[in-house]
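K.L.:
The primary structure of each chain is shown beneath.
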Amino acid sequence: MAAILALDTSTGSCSVALAYEQRIFEEHIDLPREHARRLLPMIDKLLRQTGLNVDQLDAIAFTCGPGSFTGLRIGFGVVQGLAYGAGIPVIPVSTLEVMAHKGARDHLGGNGRVMPALDARMGEWYWGLYEFRHGRASTLIPDRVDEPARIAGASPRKPDLGVGSGWLAPDAVDFSPGRLVADLEPDAMSLLDVALPRFTAGQARPVSDVELAYLRSEVAWKKRERVRRR
Amino acid sequence: MRVLGIETSCDETGVAVYDSDRGLLAHALYSQMAVHSEYGGVVPELASRDHVRKILPLLTRVLHESGSSRQNIDGIAYTAGPGLVGALMVGGAVGRSLAYAWQVPAVGIHHMEGHLLAPMLEDNPPAFPFVALLVSGGHTQLVEVETIGRYKILGESVDDAAGEAFDKAAKMLDLDYPGGPQVAMLAERGDPSRFRFPRPMTDRPGLDFSFSGLKTFTLNTIAAHRGEDGLPDNQTMADIACAFQEAVVDTLVIKCRRALELTGLKTLVIAGGVSANSLLRQRLEEKLAKIGAGVFYARHEFCTDNGAMIAYAGCQRLLAGQRDDLAVRAIPRWPLTELETMEA
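Line order of the protein sequences matches chains A and B. The numbering of the first sequence is the working numbering, which starts it at 1 and goes up by one. The numbering of the second sequence is the working numbering, which starts it at 1 and goes up by one.
Bear in mind the hints are in silico, worked out from the structure with no lab data behind them. You can trust all of the hints, since none of them are fake.
Partner residues are not named here, just some residues of chain B that face chain A (Cβ under 8 Å, in silico):
id: 1; residue: Ser48
id: 2; residue: Val52
id: 3; residue: Leu59
id: 4; residue: Met89
id: 5; residue: Val90
id: 6; residue: Val94
id: 7; residue: Leu326
On a predicted model such as this, the values are computed, not experimentally measured, just so you know. Each residue gets a CB set at the ideal place from its N, CA and C atoms; glycine is no exception.
Looking at chain B on its own, in the form it has when it is part of the complex (with noise of 0.2 Å):
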């Protein structure tokens, strides 16, 4: 089965084909990345209107590339949710419209079940079941996976989610949106010893996590600083940067480390935005292989948003019969434990 994934939910537009015996066929994507900085986050309105713009060009490459036209194009996925919903409405339309007029199947994809089935599209994809840590600028999600739509929710943020505070602490280092790889980036010039930030809710039981107090720490510690212009000297920048990121990424390893051992399985999935961290990657690594688990995540560019994982999710769910109607369905806020549970 051959299935066109479309994402639209935030400020990517992205469009792949996915095929169930050759595998990922093309995927192309437009970053608004340069459209929202100079805004230090996201215009609404701004990205429902280039999504529009770029959908077109992107479906015609895509096709292109992967061989395709609607002769061998089985179904259509689309991301009904969660996101913004001007900009879910986009990619919904369109993806609900073209699929009626190619008389193919269609269906909306839950945009954290295709971050989280990610790393299927790489050449040693983890088995079912396991742990999945969804981290991104709106979430910061523990859950155990049984199967492709059997979720539960093991903890999550009780305030920002992870990649938010990451953006939020690049704010007040002065550094551009997204603020996820430059705090990274400024953290490598960083000393470790030099600050210790708190490591927030690992001294309790439970699998929640939150982030709001680090982004206190983090502009008090500034504050602490200051120079003449207002902020500290770029190596004190820097030791901040680190303390931060150190802080951020021993939180979750900690918390995953715990899911493993409460679930008793040896599978940890991360995925979302901020799992492209190295540090994070390296860590999970270390700590986990101590316990005898392994870590998997996707590729670098499939750790942000992506028409890939839409297609790949999509054509899972198709396979096993999910058929949508005729609505366009645009979902802004939706638990993914309220997903339809597919049958085996």
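The shape of chain A in the complex, shown without the other chains (with noise of 0.2 Å):
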């Protein structure tokens, strides 16, 4: 089995995950702003208790975004200099993928609908629409970003469930999903879950071929700066 290193710094959390020789290893913190200082000893610890060395792992796995811009830069920093140094591909994988599968797995039995939704700040979020057969995702609607006012005209199937910190102001969108899990968080163990069969189906790609996905792009980010400077 191969040996896959999956990280997540998208959120106030840290967690860092190893699949190796059909176990999974996997060290978590929640402390806000710490990830910069942890992130590299959690990965060093998980290595250590398998004698693995960087250059053993046959891909990282990582949410690549949406999030928080400085935690994942962090990750995708330390992603960078460990597969550029090692010379392994990666496996980027949405941070809303990742809740949805989270979602899914534990409060759907692997079947239904799922929003996940990211407080993105400014008065929108980060959301997506996933469906899951069998614990196996689609995307209904592809990760954007939106005033959650709008949410309802741009997805006509409503999810049977929402995760993220977006539904803890459940009342900005004008439609309930069947459940609510406000509280979930992306982790390493469910990155794992959805990184697995996409390192199987041979879809990790080098790192220098992968860009975080922001959502908020520069372009709408620099018209703000306009108006604020002027």
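Using the hints, put the two standalone chains together into the complex.
P.N.:
What follows is the structure, given as structure tokens:
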């Protein structure tokens, strides 16, 4: 079995998981603003437990966005250093897809529609819509950023489950999912669940081909800056 | 010892390889100037995003040009601060984890220590101890340098940094960002005798600077000569740029000379973006020759931010045995006096 390292730094918590020889090892901390100090020591701890070094990994999976810009860059920066240094490929996975997968697995028995939503600040949500059949996901609406009030118009099909921090303010949308788990966060174990089949399917890529998916584009951001300056 | 250096503290992505036996082997820089110029200053989020995109291609290029690979890189140095925290994180995360993957030591470097050691990359490097004038968009400091890591602040700006004053004057004169080189270019066509700007804080003892008053003086001079379009005519603009530059340079020269006299040292190092200013270099050489002191500075491309100075500083610290743990260090505010000193 392949040795795959997975790491998630997209939100307030930080977690690392390692799949190796039918076993999964995990490290998790829930300390915002500690990602930069703690991530590499957590990775080192898992590698020591298995006796592996970075070169012996087959791939590194990571949440590539959306999420906290700085958090994403800490995670991706470490992925860049490790993958580039050891010459191993990477598996970028949407933060929202990881959340949807975790929600479907833990709350819908692997079947149903999940709408993950992260608070994007500035009155917007990062969101998407995923459908699961027997644990396998298909994307109904690819990840995007919108004011919550516009989501109903963009998503004709309503979810069975809403997950993530966006749903801490459920009244922002004018429909209600069957169930809500607003405190669900992405984590490296769930990321591994999504990433392992992709690795098997040959979908790992060179790290130099990968970009973060901030969703809030630089063009949109530039316009705001201009307004503020003038 | 061969060290890879990474600099991402602001709006330039710099990567370099320095070898303690063979000197600087390769360096590459990507400047985001074009990205930020339309805002009149650096936009931190855009800077961080650009570092992420540029860092691996630059690493590949510098490793190739220096004939290096993981087999002969002995350590990695990255800028740990001060600077924009999000930008620092990028170089720190990549640098620290690359060192981990290659199983070599890493060290986080103080950006201004990098600058003040940059003249060491030249053929005729200064010898310790010396006085350093660190003069950039973020700093104006006079530092007594005993050896690497032993710094004493002799004086510093109580308000704007000199480079910041240049940038602000450039904005008032309708010039592009970054303003220093633009003001200097315009000043060449100016008449130095037409206006005289004040030399702030030179009439009292001490080595502190203040440049915010010059900003106001510039604004008032522009207002007093305003034409129909709100700006003075071209010659007056050049005369104002000239008077402004004369005032900043003269102030810096007076304080540098005073710092050398107070410490009894005979070597001055100037570093940071403003140290590329030709008038400053020329005046310091003229005035300090009179007291038997020498001036040292880096080549133009190493006055502004670069990876070479970080590779050099990192090499010295790694040679002295410094080793960082696995944390990625990103310290946005970090006084030069709080650095680890190195045992001789």
